[in-house]
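Peer 1: Given the coordinates of chain A, assemble chain B onto it according to the supplied hints.
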Amino acid sequence: MQVKQATLAEAASLVSDGDVVALQNMATQAAPMALVRELIRQERKNLALVCLVGGIAVDWLAAAGCMDRFIGNAVSMEQFGLAQRYRRAVESGRIRMEELSETALLARLGAGARNLPFLPTRGMIGTDLIDINENLTMVEDPFGGPPVVACRALVPDVALVHSHRADRYGNVQYEPTARWPDIGIMPMAARRVIVTTEQIVDSDVLRANPDRTVLPGFIVDAVVEVPWGAHPTSFNPLYGYDAAFHLAWVAAARSDEATGEFLDTYVYGPADHEEYLDAAGGADRMAQLARWETG
Amino acid sequence: MDSVAHLDSPPAEDWTVDELMIAVLASCFTDGDQACNGMASFLPVAAFQLAKLTHAPDLIWLAGAVGLEPRPGPIPASTLEAPLWRDALMYTEQYGDFWTLALNGRWLKKFCVGAAQLDRFGNANNSFIGDDFHAPKVRLPGTAGLADMGSVGKALYYWNPNHNPRSLVAEVDFISCAGYLGGGDERERLGLSGGPELVVTNLCVLDFEPETKHMRLRSVHPGVTVEQVLEATGFEPVLPPGDVPTTAEPTAEQVRLIREVIDPHGMRRREFRRR
Chain A
9 MQVKQATLAE
19 AASLVSDGDV
29 VALQNMATQA
39 APMALVRELI
49 RQERKNLALV
59 CLVGGIAVDW
69 LAAAGCMDRF
79 IGNAVSMEQF
89 GLAQRYRRAV
99 ESGRIRMEEL
109 SETALLARLG
119 AGARNLPFLP
129 TRGMIGTDLI
139 DINENLTMVE
149 DPFGGPPVVA
159 CRALVPDVAL
169 VHSHRADRYG
179 NVQYEPTARW
189 PDIGIMPMAA
199 RRVIVTTEQI
209 VDSDVLRANP
219 DRTVLPGFIV
229 DAVVEVPWGA
239 HPTSFNPLYG
249 YDAAFHLAWV
259 AAARSDEATG
269 EFLDTYVYGP
279 ADHEEYLDAA
289 GGADRMAQLA
299 RWETG
Chain B
28 MDSVAHLDSP
38 PAEDWTVDEL
48 MIAVLASCFT
58 DGDQACNGMA
68 SFLPVAAFQL
78 AKLTHAPDLI
88 WLAGAVGLEP
98 RPGPIPASTL
108 EAPLWRDALM
118 YTEQYGDFWT
128 LALNGRWLKK
138 FCVGAAQLDR
148 FGNANNSFIG
158 DDFHAPKVRL
168 PGTAGLADMG
178 SVGKALYYWN
188 PNHNPRSLVA
198 EVDFISCAGY
208 LGGGDERERL
218 GLSGGPELVV
228 TNLCVLDFEP
238 ETKHMRLRSV
248 HPGVTVEQVL
258 EATGFEPVLP
268 PGDVPTTAEP
278 TAEQVRLIRE
288 VIDPHGMRRR
298 EFRRR
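Protein chains in written order, with my numbering: chain A, 9 to 303; chain B, 28 to 302.
Bound-form chain A, shown alone:
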């Protein structure tokens, strides 16, 4: 097996300006935040983000001017409210949103993963989401039933995911927890896959629980060990979301100046991931989050 282990900088360099980037993220859960910060530091431009529910990762990428398109279900930080920098960028026309229902996004990715032109769904029929989207169209059922919505295949250029453990060949394991499609069909649809992981382990560790392996190494292009790599989002069962950090971002996002200062402190300033963790409260704070003391 080929060794895929890389540094954050090497991994992020696999993402090019203008790429369609599938990003793991479910509101306040499980985003590969260390990679997101690295993409911002490397000043990627004109990215299209594909997410189920984008959270603070999408808000940062919008704030830093890295993205001009969003394809997905929603952008929300749930209890911390709307992603304000993203929202304003959409309202001003700087970011174009392709809003899809959940089954439509899954159909687009499923078709992409399986080399089909489209997959159908019954979702969205009757809504205004279909007519405004060139990737959705009503089609007749060739077997005589009622019409369905064809969802055009979506093949992201690259998928970014975070995981509990992996070996250096890129075989990826996930602990039993919520399993969203962004650690399944999303990377399988993408041309390239970049994985960050809490821990790189010997392959024998994976062999003890092969049922927990969710991605085979042969589809992975780079794997990077980044403990606490999803902070400030949660990564169950290892740690909870950082509520204080989210609230500080929400406050900063109200003004351009405070947004700039926040990104300087947590994204542009720290030389590496360890310095980021120190800025975010260091080992003591991480220990609290490991106990799900999120406030």
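A hint or two may mislead.
[Unchecked claim] With a Cα cut of at most 20 Å, we get these calculated DMTMM-like pairs of lysine to aspartate or glutamate:
(1) B/Lys-164 x A/Asp-76
(2) B/Lys-79 x B/Glu-280
(3) B/Lys-164 x A/Asp-286
(4) B/Lys-137 x B/Glu-224
(5) A/Lys-53 x A/Asp-76
(6) B/Lys-137 x B/Glu-215
(7) B/Lys-136 x B/Glu-198
(8) B/Lys-164 x A/Glu-18
(9) B/Lys-79 x B/Asp-58
Worth flagging that the hints you see were computed from the coordinates, not collected in a lab. These numbers come from a predicted model, not from an experiment.
Peer 2: Chain B alone, transformed into the frame defined by chain A:
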């Protein structure tokens, strides 16, 4: 939706409207139903648990559409984070398990929907406010699974803790969750089954007139007048013949369960805009 299980418990003396709304939503779910919740859904989550503790012990709850029959303890600060599905019997992987079960047609037949805008025919909008999708006045979070649930045969139960003319409108700016569309039989003509059943707000309960599918006032909460409801609504709901009934108060036992067992931290009140 008439509650039958609490006839042995007297009405609570000091209920608040969040508790009344939870009791009304709970009465919509019964043994044999499966219920699931999404983000920021404190009232439905409290309602499912209240139903399970009272009249519907065999109601099945899929917390966050992730965790089967969990034991979450007091409702946590998020309804889409792991503490909600603590001790679940199963994690339903979203693509293969959850959506397969939800789209099959046999299960998860009822769904609670929160919406930024809801119109007189029960169409909902969580996409944007304004007249141009690509130049919105306000970009809302996005419709996510609601855009599916409105079209795949579910009975929809809307909850709205902030009943005002901006959230209950004559016509939504954008249909992102299909209700009865233009009313009448338009939904049926598109081959859609199911549809909106009930709207539970902080002022009243509404349903839909069977022929026109226009929203109809069903009951006003104790202490609320019909005039107040009309003033707070961006269209004129159909009024029932005669006096408008008063919504049943929650029982003392329901209120006790909500306050002491289900939601002692008062997360349910986060959904109500501060006055």
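Peer 1: Against the structure shown, which of the earlier numbered hints fail to hold, in ascending order?
Peer 2: The structure breaks hints 3, 7 and 8; every other hint is satisfied.
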